[in-house]
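Make a model of the complete structure from these sequences and hints.
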Amino acid sequence: MRQQQEGVHPSFMGVIRQKERIKGKLGGVKHRIGVYSAKGGVGKTTIAVNLAYTLARMDFKVGILDADIDCPNLTLFTGISEMMDMSIIPLKPIVKDGIKFASTAMLIDDLKRPIIWRGPLVAKMIGDFFENTDWGELDYLIIDLSPGTSDAPLSIMQLLELDGILIVTTPQRISGINSIRSGLMAKRLNVAVLGVLENMSTGTISQSTKEVVERLSTNLIGTIKRDEKFNEFSDSGIPSVEKDAAIKEQFSKVAKRLVGTKNSP
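Going by this note's numbering, the letters in the sequence shown line up with residues 1 to 265, in that order.
The hints are simulated quantities; they were obtained by calculation from the structure and are not laboratory data. A portion of the hints provided could be inaccurate.
[Unchecked claim] No more than 25 Å apart at the CA atoms, straight line, and that leaves these computed lysine-lysine pairs for DSS-like:
no., residue 1, residue 2
1, Lys-96, Lys-25
2, Lys-187, Lys-124
3, Lys-210, Lys-25
4, Lys-210, Lys-96
5, Lys-19, Lys-124
6, Lys-248, Lys-225
7, Lys-243, Lys-210
8, Lys-248, Lys-229
For clarity, every value in this text was computed on a predicted model and none was experimentally measured.
This is the structure in structure tokens:
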């Protein structure tokens with residue numbers, strides 16, 4: 001019998017082996033960044049999509065994964081109606097505007113058939129998006145994580161060698177509290193917190209956001225002001241940075257600061 005790795009419990013061996021396989025499969029992806037908050041409704045998908053488009057317009061090769069497996073919204077924010085061909089392995093992301101996209105909404109029409117999966121199936125699907133999807137050569141893979149601190153974000157932080165996560169919060173105190181939980185979870189799993197972004201901002205940094213930055217010993221990456229145009233563009237399936245100069249400028253500042261935390265490709 002092969003000798004068990006010293007100090008590693010048998011139940012973790014499968015995770016370790018899968019992590020190594022994924023590392024090989026994603027060898028062409030230079031940077032992997034999670035967009036995360038334990039609280040829903042703070043605008044993670046809005047931030048992830050517009051950040052991906054901003055990086056792409058900076059001439060980076062970009063992909064974006066919708067890791068909210070059971071409630072995917074990526075297609076609604078981007079106007080993508082194409083489906084990924086499940087008969088072809090590895091799966092091929094949908095390419096639009098020079099960006100690679102993958103989501104369970106591109107595999108299953110969840111508006112007709114809701115995705116009602118327990119944790120193990122969610123974790124398996126996440127593994128498939130990394131291990132059995134052809135992401136090719138990318139400078140940045142942006143991962144739109146689901147809210148909470150359980151199955152989906154836990155699987156990603158365990159399986160993927162992330163450069164780090166961007167914490168999205170809002171001026172609300174409840175959002176700040178949950179953002180602190182998000183960052184503490186990441187730190188416990190040895191995932192770097194690249195910074196905090198205040199979404200739906202009034203333009204002045206809230207005390208709640210200041211507390212998040214302080215508690216997580218990180219930096220404020222930037223702010224995105226509350227703007228009804230986000231709803232207008234998102235409902236039309238159009239990334240806001242593609243249509244509004246002021247919004248584009250805000251995301252450009254965030255992207256430049258975020259890229260500055262990593263080595264440019």
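Checked hints:
Proximity of Lys-96 to Lys-25 is assessed by CA-CA distance (about 22 Å); at most 25 Å being required, the pair is judged to hold. Restraint check for Lys-187 and Lys-124: the C-alpha separation of about 24 Å stays at or below 25 Å, so the hint holds. Restraint check: the Cα-Cα separation between Lys-210 and Lys-25 comes to about 38 Å, which exceeds 25 Å; the hinted pair is violated. Our distance criterion of 25 Å between C-alpha atoms is broken by Lys-210 and Lys-96, whose separation comes to about 37 Å.
Proposed proximity of Lys-19 and Lys-124 is supported: the alpha carbons are some 13 Å apart, at most 25 Å. Taking the CA atoms of Lys-248 and Lys-225, the gap is about 12 Å. The hint holds against a cut of 25 Å. Taking the CA atoms of Lys-243 and Lys-210, the gap is about 31 Å. The hint is violated against a cut of 25 Å. Under the criterion of a C-alpha separation no larger than 25 Å, the hint pairing Lys-248 with Lys-229 is consistent with the structure, at around 12 Å.
Against the hints set out earlier in the document, violations occur for numbers 3, 4, 7.
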